[in-house]
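Undergrad: Each chain, written out:
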Amino acid sequence: MLITCPYCGPRDVSEYTYQGDGNRTRPEPASTDQEAWNAYVYDRVNIAGAHHEIWQHSGGCRAHLAVVRSTTTHKIASVGFVREAGHRKHERHARPGAKA
Amino acid sequence: MAEYSAFALLKNALSGNRDWRPAWRKPDPKPTYDVIIVGGGGHGLSTAYYLAKEHGITNVAVLEKGYLGSGNVGRNTVTVRSNYLLPQNIRFYEHSMKMWEELSHDLNYNVMFSQRGVLALGHSPGQIDEFARRGNAMRHLGVDAELMDVAAIKKLMPGIDETASARFPIVGGLMQRRAGTARHDAVAWGYARAADRRGVDILENCEVNGFIKDGDRVVGVTTSRGEIRAKKIAVAVAGSTGHVMRMAGVDRLPIESHVLQAFVTESIKPFLDTVVTFGMGHFYMNQSDKGGLVYGGDIDGYNSYAQRGNLPIVEDVMSEMLALFPSLAPVRVLRSWGGIMDMSMDGSPIITTGPLPGMYLNCGWCYGGFKATPASGFCFAHTIARDQPHEFNAPFSLDRFHSGAVIDDKGQGATPRLH
Numbered sequence: 001m002l003i004t005c006p007y008c009g010p011r012d013v014s015e016y017t018y019q020g021d022g023n024r025t026r027p028e029p030a031s032t033d034q035e036a037w038n039a040y041v042y043d044r045v046n047i048a049g050a051h052h053e054i055w056q057h058s059g060g061c062r063a064h065l066a067v068v069r070s071t072t073t074h075k076i077a078s079v080g081f082v083r084e085a086g087h088r089k090h091e092r093h094a095r096p097g098a099k100a
Numbered sequence: 001m002a003e004y005s006a007f008a009l010l011k012n013a014l015s016g017n018r019d020w021r022p023a024w025r026k027p028d029p030k031p032t033y034d035v036i037i038v039g040g041g042g043h044g045l046s047t048a049y050y051l052a053k054e055h056g057i058t059n060v061a062v063l064e065k066g067y068l069g070s071g072n073v074g075r076n077t078v079t080v081r082s083n084y085l086l087p088q089n090i091r092f093y094e095h096s097m098k099m100w101e102e103l104s105h106d107l108n109y110n111v112m113f114s115q116r117g118v119l120a121l122g123h124s125p126g127q128i129d130e131f132a133r134r135g136n137a138m139r140h141l142g143v144d145a146e147l148m149d150v151a152a153i154k155k156l157m158p159g160i161d162e163t164a165s166a167r168f169p170i171v172g173g174l175m176q177r178r179a180g181t182a183r184h185d186a187v188a189w190g191y192a193r194a195a196d197r198r199g200v201d202i203l204e205n206c207e208v209n210g211f212i213k214d215g216d217r218v219v220g221v222t223t224s225r226g227e228i229r230a231k232k233i234a235v236a237v238a239g240s241t242g243h244v245m246r247m248a249g250v251d252r253l254p255i256e257s258h259v260l261q262a263f264v265t266e267s268i269k270p271f272l273d274t275v276v277t278f279g280m281g282h283f284y285m286n287q288s289d290k291g292g293l294v295y296g297g298d299i300d301g302y303n304s305y306a307q308r309g310n311l312p313i314v315e316d317v318m319s320e321m322l323a324l325f326p327s328l329a330p331v332r333v334l335r336s337w338g339g340i341m342d343m344s345m346d347g348s349p350i351i352t353t354g355p356l357p358g359m360y361l362n363c364g365w366c367y368g369g370f371k372a373t374p375a376s377g378f379c380f381a382h383t384i385a386r387d388q389p390h391e392f393n394a395p396f397s398l399d400r401f402h403s404g405a406v407i408d409d410k411g412q413g414a415t416p417r418l419h
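Just so you know, the protein sequences line up as chains S and A, in that order.
Using the working numbering, the first residue of the first sequence is number 1, and each one after it goes up by one.
Using the working numbering, the first residue of the second sequence is number 1, and each one after it goes up by one.
Possibly wrong hints are sitting among the right ones.
[Stated by the list, open to error] Cβ-to-Cβ under 10 Å is the rule here; a few derived chain A residues that face chain S:
(1) 20
(2) 253
(3) 256
(4) 306
(5) 310
(6) 342
(7) 345
(8) 402
(9) 405
(10) 409
(11) 412
(12) 415
(13) 416
(14) 417
Derived from the structure by calculation, the hints contain no laboratory data.
Note that the coordinates shown come from a computational prediction; the quantities given were computed from them, not determined experimentally.
Beta carbons are placed, not taken as given, at the ideal position from N, Cα and C, and that holds for glycine.
Sequences and hints are given; from them, build the entire structure.
TA: Have a look at this one:
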C-alpha cells in the first residue's frame with residue numbers, strides 16, 4: 001500500500017504510523033460531559049468503505065495527514081494535511097488559555 | 001443423519017462409501033423462527049447447538065452469507081488456550097477449555113483436539129516475573145501453568161535458537177500443557193451437523209442485507225433468500241460486526257475491524273511438538289498434522305475489511321520466525337491469507353443482550369475467537385434463551401466501556417491495534 005504524502009510524494013505504508021479513526025470529535029478539555037468523553041475514547045465508526053483516518057508520516061516529514069481510504073479495497077481516495085480546512089474537526093484542541 | 005461409529009465406517013467401507021448422507025440438510029428458509037442467528041461461523045453454529053441442547057429451542061435458523069467454513073472459522077491458526085491474567089477471562093476461557101476436552105464426544109465428531117501445550121517465551125527477567133504472576137493467577141483458579149527454563153525449552157523444541165547470541169535471547173517460558181490445537185473445519189462441520197440433527201436450519205448462501213424493525217425493536221432480517229422474521233435476532237459475525245450492525249442503525253460500537261494475516265509452509269518432518277509464542281514481538285507457530293508450519297504475527301494495524309493484508313507485516317512475521325528458528329530459512333511458504341478481527345477497545349469480548357430490543361450481540365473477539373468457540377456459544381445461547389447473561393459472560397457486557405468496568409487483560413488501554 002502506498003500513501004501519497006503531500007510533501008514527500010508516494011511512499012510505502014511502512015513509513016507511516018496509523019493514528020486511528022478520524023471521525024472522532026474530542027470534547028472541549030474543560031468538558032465534564034462523561035458520555036461525550038466515553039464516546040470519544042471508546043466508540044468507533046468502523047465502516048466498511050470510505051473511512052476517514054489520521055496517519056503520521058513518521059518515517060518522513062512527520063506531518064499528520066487526514067486520509068480517506070477504503071477499508072474494503074485499501075484504495076486511497078484522498079490525502080490532505082490534518083490542519084487544513086475541511087479536516088479541522090480532526091485537529092487537536094488548543095490548550096485552555098492558548099491563543100486561538 | 002450420518003452417525004459416525006466403527007460400525008458405520010465398516011458398513012460404508014463395504015458398500016464403497018457411496019451411502020454416506022450429507023452431514024446437514026440444505027433447507028429453504030421458513031418465514032418465521034424463534035431465533036435467527038446471523039453468522040454461520042464457529043460461534044454462530046455453537047450458539048445454535050447449545051440453544052437446542054441446553055434450552056430446548058430448536059426452531060432456529062443460522063444464516064451464513066457464503067458456505068460453512070468460508071469465514072473466520074477457517075482462517076485462524078487453530079490455537080486453544082486459557083492462559084489469561086484477569087479472573088473474568090481465566091474463568092471464561094477455562095470453561096471453554098473444559099468444553100474442548102469433551103467436544104469430540106459431545107458432538108460425535110472428531111475435532112482433532114490435541115493437547116500439545118502452548119509455550120509463551122520470555123526474554124528478560126522482568127518478563128519471567130510477569131509470567132510467574134500470570135501462572136500464579138491461573139493456578140489460583142485451578143488452571144495448569146508451569147514455568148520452564150531454557151534447558152527444558154531446548155529439549156522440547158531442538159530447532160530453537162536458545163544461544164546468548166540470538167537477537168532476543170530466551171530466558172524462560174510459561175507453559176500451559178492442557179492447551180493445544182483443534183481442527184477448525186471439523187469444529188464448524190461438527191457443530192453444524194449436531195445442530196442440524198436437533199432441528200436447526202442452516203441456511204447457506206443467505207446474506208443478510210437489512211433488518212426489519214417495528215419501532216425500535218428488531219423483528220426480522222431481509223436476506224438474499226427473502227425476508228425472515230423471528231422473536232429474537234442474534235448477531236455473531238466477528239469481523240463484519242461494524243458492517244452488519246450499521247444496517248440495524250447502530251453506527252458506533254467500541255470495536256474496530258482489522259486484518260490478521262496467517263501463513264503455512266510446505267510440509268516438513270516433525271519439527272515442533274507444541275504451540276510456541278514469541279515474547280519479544282508478536283509471533284505464534286504450530287505444526288499441523290500434515291507437517292506444514294502454521295504461523296502468524298501482528299495485525300496490519302489499520303482498519304480493514306479486506307481479507308488480505310500488505311507486505312510490511314509479511315516481512316515482520318518472517319523475520320520473527322527466523323529470529324526464533326534460524327534453521328527454517330530454506331523452508332518455502334505455501335500460502336498466506338487474511339481474516340478480519342473485530343478488535344474491542346479493551347481486548348476482551350462482548351456477549352450481551354441488545355444493543356436494540358429483540359437483538360443479541362456476540363463480538364469483539366480480537367485475536368482469540370477460535371479458542372472461545374464452545375464457551376462463546378454456550379454463554380450466548382444462555383443469554384438469548386434467558387434474556388440475561390450466564391455468570392461466565394456477565395462481565396463481557398457492552399456497557400462496561402461506559403460504566404468503567406473494562407477488562408483490559410493486556411493493559412493497553414483503548415487502542416485496539418495494540419491488543
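Undergrad: Would the stated hint for residue 256 of chain A survive a check requiring a Cβ distance to chain S of less than 10 Å?
TA: 5 Å, holds
Undergrad: Taking 10 Å as the limit, does the beta-carbon of residue 253 of chain A come near enough to a beta-carbon in chain S?
TA: 7 Å, holds
Undergrad: Using Cβ atoms only, decide whether residue 417 of chain A comes closer than 10 Å to chain S, and label the hint accordingly.
TA: 7 Å, holds
Undergrad: Per the CB criterion, is residue 412 of chain A less than 10 Å away from chain S?
TA: Nearest chain S Cβ about 13 Å off; hint violated.
Undergrad: Under the criterion of a CB-CB separation shorter than 10 Å, is residue 405 of chain A in contact with chain S as hinted?
TA: 12 Å, violated
Undergrad: Was the hint right that residue 306 of chain A lines chain S, CB cutoff 10 Å?
TA: This interface hint holds because 6 Å falls under the 10 Å limit.
Undergrad: Quick check on residue 409 of chain A please, does its C-beta sit within 10 Å of some C-beta on chain S?
TA: 17 Å, violated
Undergrad: Does the CB of residue 342 of chain A sit less than 10 Å away from some CB of chain S?
TA: 8 Å, holds
Undergrad: Once the shortest beta carbon distance from residue 345 of chain A to chain S is found, is it less than 10 Å?
TA: 5 Å, holds
Undergrad: Quick check on residue 416 of chain A please, does its C-beta sit within 10 Å of some C-beta on chain S?
TA: 8 Å, holds
Undergrad: Closer than 10 Å between Cβ atoms is the bar; does residue 402 of chain A clear it against chain S? Give me holds or violated.
TA: 5 Å, holds
Undergrad: A closest beta-carbon separation below 10 Å is what the hint needs, so does residue 415 of chain A meet it against chain S?
TA: This hint holds: residue 415 of chain A lies near chain S, its Cβ roughly 8 Å from the closest one there, short of 10 Å.
Hint compliance for this structure: hints 1, 9, 10, 11 are not met, and every other hint is.
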